[in-house]
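There are 2 protein chains.
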Amino acid sequence: MASSLSALIEALRRLPGVGAKSAQRMAYHLLQHDRQGALVLADALHAAAQQLGHCERCHTFSETALCDICSDTTREQRLLCVVETPADQAALERSASYRGLYFVLMGRLSPLDGVGWRELGLPLLKDRLVDGVDEVIVATNFTAEGEVTAQAVVQLCGAQGIKATRLARGVPVGSELEYVDLGTIAHALMDRR
Amino acid sequence: MASSLSALIEALRRLPGVGAKSAQRMAYHLLQHDRQGALVLADALHAAAQQLGHCERCHTFSETALCDICSDTTREQRLLCVVETPADQAALERSASYRGLYFVLMGRLSPLDGVGWRELGLPLLKDRLVDGVDEVIVATNFTAEGEVTAQAVVQLCGAQGIKATRLARGVPVGSELEYVDLGTIAHALMDRR
Numbered sequence: 000m001a002s003s004l005s006a007l008i009e010a011l012r013r014l015p016g017v018g019a020k021s022a023q024r025m026a027y028h029l030l031q032h033d034r035q036g037a038l039v040l041a042d043a044l045h046a047a048a049q050q051l052g053h054c055e056r057c058h059t060f061s062e063t064a065l066c067d068i069c070s071d072t073t074r075e076q077r078l079l080c081v082v083e084t085p086a087d088q089a090a091l092e093r094s095a096s097y098r099g100l101y102f103v104l105m106g107r108l109s110p111l112d113g114v115g116w117r118e119l120g121l122p123l124l125k126d127r128l129v130d131g132v133d134e135v136i137v138a139t140n141f142t143a144e145g146e147v148t149a150q151a152v153v154q155l156c157g158a159q160g161i162k163a164t165r166l167a168r169g170v171p172v173g174s175e176l177e178y179v180d181l182g183t184i185a186h187a188l189m190d191r192r
Numbered sequence: 000m001a002s003s004l005s006a007l008i009e010a011l012r013r014l015p016g017v018g019a020k021s022a023q024r025m026a027y028h029l030l031q032h033d034r035q036g037a038l039v040l041a042d043a044l045h046a047a048a049q050q051l052g053h054c055e056r057c058h059t060f061s062e063t064a065l066c067d068i069c070s071d072t073t074r075e076q077r078l079l080c081v082v083e084t085p086a087d088q089a090a091l092e093r094s095a096s097y098r099g100l101y102f103v104l105m106g107r108l109s110p111l112d113g114v115g116w117r118e119l120g121l122p123l124l125k126d127r128l129v130d131g132v133d134e135v136i137v138a139t140n141f142t143a144e145g146e147v148t149a150q151a152v153v154q155l156c157g158a159q160g161i162k163a164t165r166l167a168r169g170v171p172v173g174s175e176l177e178y179v180d181l182g183t184i185a186h187a188l189m190d191r192r
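Keeping their order, the protein sequence lines are chains A and B.
Just so you know, we're using numbering that gives the first Met the number 0 here: the first sequence kicks off at 0 and counts up by one.
Just so you know, we're using numbering that gives the first Met the number 0 here: the second sequence kicks off at 0 and counts up by one.
Any given hint could turn out to be false.
Given that identical chains are not distinguished, each listed pair holds provided it fits within a single copy or across any two copies.
Below 25 Å or equal to it, Euclidean Cα-Cα: the simulated SDA-like pairs (lysine to any residue) are [what the hints assert, rightly or not]:
hint, residue 1, residue 2
1, K20, H32
2, K20, E62
3, K125, L65
4, K125, L100
5, K20, Q50
6, K162, D126
7, K20, N140
8, K20, R192
Quick caveat, the hints were computed from the structure, so don't treat them as lab data.
For reference, chain A alone in the conformation it holds in the complex:
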């Protein structure tokens, strides 16, 4: 096999969830049908790996010391929303219903995967909390690990005497009760208003 082809297959295997077979398929596809795409991807990887750092305040990926949201002075400066990933942050932004700042954990507590208190950067959140925060909205995912992470964040807020709230659980907008899972219905009943 040509050496630059086997090098490419080897490099593609570094992507999470990509084994030998998928790496081969990806390499053949790019070389056979989408060389332009291969070059675009190469440039995007270079740019991201070299330019992206972390925002000093919210810890999300950012090309500048302060990300766009953290440097936006029109946002509520004393309201902080804690999310797991930049994707969760993007989802909240798309909803256009939140005007405060964020703290992005870049993961969730998962001791089995070796992600503990320190690896998750919770000490950074602790530093952020003393920096003028009135309320923390905990918007980690409603999964087992997300809930454990939420618990840790709530405790951290409690220790600093800061009010912490959690996103409401309930029936998704636009859904029919018949198709909503039982746990969600139970929560929606409990948290009824």
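Following the hints, position chain B against chain A.
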């Protein structure tokens, strides 16, 4: 979201089988845990997309006009093995039991995916066949599409008056009959020697 991050996620989606979610997961993984890997992958993509062409004789990916195998004069020059992909070729080479040349189709006939006679480069194979070939071993995969492709290659050989053989179907070495599928057993019985 930072622009180089969203550009990276967008570029990763060009990989086959990678949707929005996987692309995000890949981007976060590379940026958070493996920036070195991102740079290695970027360089490998660049090198492969710019250096890899096709071997003039066997049509596999090659950095030179003739690939290593085609330019190896110690191999049997009049024996040709037709395979679907460079990966299949590599598997045959690993078996160390074939000393002829190859023709790599770079795919299989699949009209539903728009891969017909011409897209598969069968005209190239036709040109190759008049170039001093005594026997063609058809080693396409034993899938529905591979069999159709084999049929087409056999017809092509017949038209040129060249002997065409197919890899033997049978029970894999090291396997127990109990766990071998019925179609394979049926073929092994039919082709018994």
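Hint-by-hint comparison with the structure:
1. K20 x H32: Close inside one copy (18 Å) and across copies (23 Å); limit 25 Å.
2. K20 x E62: Classified as between: cross-chain Cα gap 22 Å, same-chain 35 Å, threshold 25 Å.
3. K125 x L65: The answer is within: 18 Å in one copy meets 25 Å, while 62 Å across copies does not.
4. K125 x L100: Classified as within; 15 Å inside a copy, 65 Å across copies.
5. K20 x Q50: between (31 Å within a copy, 23 Å between copies)
6. K162 x D126: within (16 Å within a copy, 77 Å between copies)
7. K20 x N140: between (32 Å within a copy, 15 Å between copies)
8. K20 x R192: Neither: 52 Å inside a chain and 34 Å across chains, both beyond 25 Å.
The structure is inconsistent with hint 8 alone, although it conforms to all the rest.
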